[in-house]
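Participant: Here's the letter readout for the chains.
4 protein chains.
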Amino acid sequence: MYDKKTSSQHEKPTIRVGLIGHQFMGLAHSNAYRNAGIWYDLPCTIDMTAVCAKDTPENLQTFADKFGWRSIETDYQKLCARPDIDLVSVATPGFLHKPMVLEAAKNRKHVLCEKPLANTLADAVEMAEAAERAGVRHCCGYSYRSTPSQALARQLVDEGRIGRIYHVHARYAQDWIVDPNFAMVWRFDKKLAGSGSLGDICAHSIDATRFITGLEFVEIVGHLQTMVPERPLKANEPKGEKGQVTVDDVAQFLCTFDNGATGCFEATRLATGRKNNNCIEINGEKGSLYWDFEDQNYLYFYDRTAPAHQQGFARINATENVHPYSGGPWPVGHGIGYADCFVIEVVNFLTAIVEKKEYHPDFHDGVAVQKVLDAVERSAQKKMWITI
Amino acid sequence: MYDKKTSSQHEKPTIRVGLIGHQFMGLAHSNAYRNAGIWYDLPCTIDMTAVCAKDTPENLQTFADKFGWRSIETDYQKLCARPDIDLVSVATPGFLHKPMVLEAAKNRKHVLCEKPLANTLADAVEMAEAAERAGVRHCCGYSYRSTPSQALARQLVDEGRIGRIYHVHARYAQDWIVDPNFAMVWRFDKKLAGSGSLGDICAHSIDATRFITGLEFVEIVGHLQTMVPERPLKANEPKGEKGQVTVDDVAQFLCTFDNGATGCFEATRLATGRKNNNCIEINGEKGSLYWDFEDQNYLYFYDRTAPAHQQGFARINATENVHPYSGGPWPVGHGIGYADCFVIEVVNFLTAIVEKKEYHPDFHDGVAVQKVLDAVERSAQKKMWITI
Amino acid sequence: MYDKKTSSQHEKPTIRVGLIGHQFMGLAHSNAYRNAGIWYDLPCTIDMTAVCAKDTPENLQTFADKFGWRSIETDYQKLCARPDIDLVSVATPGFLHKPMVLEAAKNRKHVLCEKPLANTLADAVEMAEAAERAGVRHCCGYSYRSTPSQALARQLVDEGRIGRIYHVHARYAQDWIVDPNFAMVWRFDKKLAGSGSLGDICAHSIDATRFITGLEFVEIVGHLQTMVPERPLKANEPKGEKGQVTVDDVAQFLCTFDNGATGCFEATRLATGRKNNNCIEINGEKGSLYWDFEDQNYLYFYDRTAPAHQQGFARINATENVHPYSGGPWPVGHGIGYADCFVIEVVNFLTAIVEKKEYHPDFHDGVAVQKVLDAVERSAQKKMWITI
Amino acid sequence: MYDKKTSSQHEKPTIRVGLIGHQFMGLAHSNAYRNAGIWYDLPCTIDMTAVCAKDTPENLQTFADKFGWRSIETDYQKLCARPDIDLVSVATPGFLHKPMVLEAAKNRKHVLCEKPLANTLADAVEMAEAAERAGVRHCCGYSYRSTPSQALARQLVDEGRIGRIYHVHARYAQDWIVDPNFAMVWRFDKKLAGSGSLGDICAHSIDATRFITGLEFVEIVGHLQTMVPERPLKANEPKGEKGQVTVDDVAQFLCTFDNGATGCFEATRLATGRKNNNCIEINGEKGSLYWDFEDQNYLYFYDRTAPAHQQGFARINATENVHPYSGGPWPVGHGIGYADCFVIEVVNFLTAIVEKKEYHPDFHDGVAVQKVLDAVERSAQKKMWITI
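Residue numbers (the numbering used here), protein chains in the order written: chain S, 1 to 388; chain C, 389 to 776; chain Z, 777 to 1164; chain R, 1165 to 1552.
In short, the hints are calculated from the structure, not lab data.
Here the structure is a predicted model, which means the values were calculated and not measured.
Under the rule of at most 25 Å between Cα atoms (straight-line distance), these lysine-lysine pairs were calculated in the PhoX-like manner:
| hint | chain 1 | residue 1 | chain 2 | residue 2 |
| --- | --- | --- | --- | --- |
| 1 | S | K382 | C | K771 |
| 2 | S | K234 | C | K674 |
| 3 | Z | K842 | C | K400 |
| 4 | R | K1403 | Z | K1062 |
| 5 | Z | K1159 | R | K1535 |
| 6 | Z | K1159 | R | K1546 |
| 7 | R | K1406 | Z | K1062 |
| 8 | C | K454 | Z | K788 |
| 9 | R | K1547 | Z | K1159 |
| 10 | C | K771 | S | K371 |
| 11 | Z | K1158 | R | K1546 |
| 12 | R | K1398 | Z | K1062 |
| 13 | R | K1450 | Z | K1010 |
| 14 | R | K1450 | Z | K1015 |
| 15 | C | K771 | S | K383 |
| 16 | C | K454 | Z | K842 |
Please work from the sequences and hints to get the whole structure.
Facilitator: Given below as structure tokens:
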């Protein structure tokens, strides 16, 4: 897929990228493609070929100029069909993922799709199959995996430092809609967003669990609740017309894993004071891990094999060269920020494309998360345990 | 009940105490009765009349001498029948609570009973009714309520600083049985202990929720799991004969409250590195609270009504005179320890007895917790949601 | 000194204690003598023979009754002369330490004297010489040494886990006099208190340094400042007559140690929000330690010899049996409080008396601290470096 | 200076930048110029005109291509003389700052110079005078000021939330040279680096103090020490030839400020476990602030004017729109990293250039820091207090 026309053996291939979406995730992707080649030794060069979004050409061109996208498109089908594009990056709301990914696959483009992969499990499966059939590389944008501190958690599990895992305990708590007068946005509409805190943030906890522990979910009982069912249609008219919130404000579930461990998960947008409190604790026979994105440069590790009198949760500043992804591009202690995990994600995915290596999280990982989201929804609806 | 024979109006009445139990909780109670009168201005004097336990008289006398118990008994019925005792303090394993409390009530003694009140809901109800019928004061030993920092949480809720409550999120995590060779003790036997982490520690989280928020539990789905089902019978023979663990290692439940809030609870003894991580977070529309017993002198409070740019979780060192129970007996910043919440519990209960005032947590509070424990057990067994 | 009249070889000797002082430190000592025998296996029994203070006999008797002191005295010379006393515990303001200690020594009583040992170096030396000549055991009340977490710091240094020490960085910060209208108390009068934050709290940092590191101070440059030089004479009359504060509000010094390490110390009572922030950090070639009394059950240890990718400050909950003094009397995670370090201090000192073993911190340690305090004062006055 | 040739009034002017230096700081500057226009609404466009460094043209071109510098120079005088450059950004070691800044000023270019401004006070003064005479805008690169959390500290002081300041207590601790076999680099050579931890990191604490508090330093006593005076010349030959370390490993000083407050400062590269522990605490009559770069998205604020029972250090996640610089470019809780403060610095400086507004920290601020560094050095040498 990627351009081989650069004849010299010594030259790096170029990956030509088309981005769809220019809101929050569009910014994150744009920054990542713009800067990935600076901080890590990429096996390719990145061409920021085109950005596509539903907007006026003027606005879109302004966006493109800022980030260095060389052209614009307003029709994603056109973008996907362009022969000068190798990789389509989908950074749109969930309900748009499927048509866009299918279109990319149809055109045999590699594809990076934001999470959750789709609004339904069936859609996600269809997308994964399409990408697989097309023979392209696929990435599902669970970007927190690319944070050095979270990757270090995975590494310590792999090294056997945690031993048999007993528990996963995760909470992803935000507070941006605590105010009942916070107005309607697309994220509150089930048709567009699929779900609320479940797909938006709990999905990250589910993926982090699979990534760090390697465990798979077995049985689940879930609960979804909408605590502020109506919100003003317009931000500046709190007393004005109301819209219906059709997604969950809070998602919770208990579960078991294939090794017999238990899980406890909660995601909410109503936890006053918690800004992006994406945290996960893993307790094993030999050690424990604790990770919290509000403290993103750190991993907490308890080593039960250390001399007994010196055991304690070690706060590891995961910014050293010995840490995954060199702990980020800066010297030790000079932490990274939110944007950097997207940079690392792009580095990893492009490397996998060029080196034709396996990549995770791919769409199958995306589907695996979707199975859990789907089970939580069904369980919450039927008020019963469900086997995945 | 308490002795009024001291005729002078100026003299304080004496409360004559009989303690049953001389293990972990017996120590905590003994210390509390011995020292309560020193640190707080009690409206009575305490007479440490007798201690009762199943042990050799020699051992028991040694215990009594250490703490200042004036006599010993080895039969709790005798103790309860003694006319020179006003208050019976029950500090034995759960399966013994009922007969002892009933005996105390029969003899019209005030009674302080350790938590959980009983091993079954039916027993707990019977005990509460007996105490009520006997017209005595009763206290269920949810001692963490007496920690100034937890009492401050309740106060802030009462003051309206949290507003409408959205979530309760609690975890009580310990790690003392992480080693699969940790040998059998009575706490692993359902007949003696009733349950495992559920009644032992999750009960505290349930009581803390009721205490701090004033909310009542409505619907519950629970899960209990025994992850290490066999343990050596003898501590020094890890390869020797095994016994069956008949209680849960981990207890979890999701729930709703009478105001529509959601709850998420987990209690475990297998969380490596967590020593006595009894923590609870309460998120409301106006603010949030976070309390963790491993950090017992502190309460974390997020005030969403503060100027926006200075909002953050405030770490309140609850050791000042302005805090509940004067923040403990020492000057500000000179923190209290585990034993002190029992001291304050005894101060509060004795004061209620003397002043004939309402006391909480009483046996009705104990029953309320028991209803939740019972629901969790039934829910876990039937794998369904249960309405309390 | 201690009573050997109890004839049986199997019986423990009794140490008969006389306490002088019944304010803040008098409370701490009383509690310690009252309860030491309960929590630790003492090689003696404690007889709380007499308490002595300048107060009405009624008030003093009330105090004695509360704690169990068997008699009262209002003249310390009488107390020291009593033949039924083995140990005199001095818990009075600094200017009274010398006459009381000398009197105790004259009467050949063991003596525990609160810190700082004296208001001047000369006095301290005289006291140490007197105690030494009398052949009695002496303890200078640097009680924080008895906190299990601080003792663990010492242990890790002893075990070589820190290696060559590069730096000591200590701050003891309180805020109880931040309000300029906080009224005059004896602690602000140089004649009574000797100094302000220097002797009161910086002395603890100096002792902790010597205790944990084993290093001795060599050169010092100090600075003392009184930022609120006048305060109301009466607490309820902020606009009323003022008194002169003749001691420092803040004390600071830089120093070098006998191994070439550097030190940086600050003590203040004007650090708004810091309640009893007695903290010390020690950086060595192999590891670092951080201890803060506001977090008294914990020690932070960074192990540079651990695998590189898992290094971090471990937060050690020093409440386990493997920790010094069994980590306190309760099970792991059930923390101790301020009062408990006095209990442990008394246990250690009485054990040293009975077993005729070396005890630290003794008066020589007290003198060593005093040398530093004296050097800081002279250095601050002369505005120059001083060699100790 | 900046290009006005773009005729339309509606068009933004362009600032054409020449960067000198392509090591650590060169990377930070390059990233900032590359991305400043993306995240903030700049009043100009940035043209990355040329990068200059002593390197092979190949290496330099590779660097230029990565970041988007349009041309390269290997002679800084040529760079400074180029008519197509408006702003020279100096990101070289300290001993090169003066000639480069003077050259830039001679050519009437705006100039951003890394900190410390120079290796000596005299040089710094000369540079500030030259820039002033040239009439150009000047920025001294104390970039931590641009961190939203540190800027928030300044804002709270400005708002009067801290009141009269009593103390500044700062420590900047790193551990990158704890290993005695860490080999010689230019930073250990006084001729090149000017000083060690003093100018490299303590300078940041000094600037942060001036920035946040607005106080000026009055009297100082300082201490510098080189604890590892020899290091291997080559990293891979620890037993090989040694070089002399001619700068301090640790710098400390005590001081007073113009309002009577006290200061205590330490900077070290030998604090095992401290990675980039750039922290400062400010205690005032009404409140306190605590800031630590290892926790860069947070500011701790204690508000003594809040209701007494709810006072505590609030951990403010300074990533909201209400915070300085909108708390960074991302939604609340999605923290920024080290690189972002350079981005904000460039945004602020370019804005000041275009809008012809006052800018801080400028070279006068750089000189003010230098006066303190100079006083510390002289004080350390003479072992006496020095008035600035």
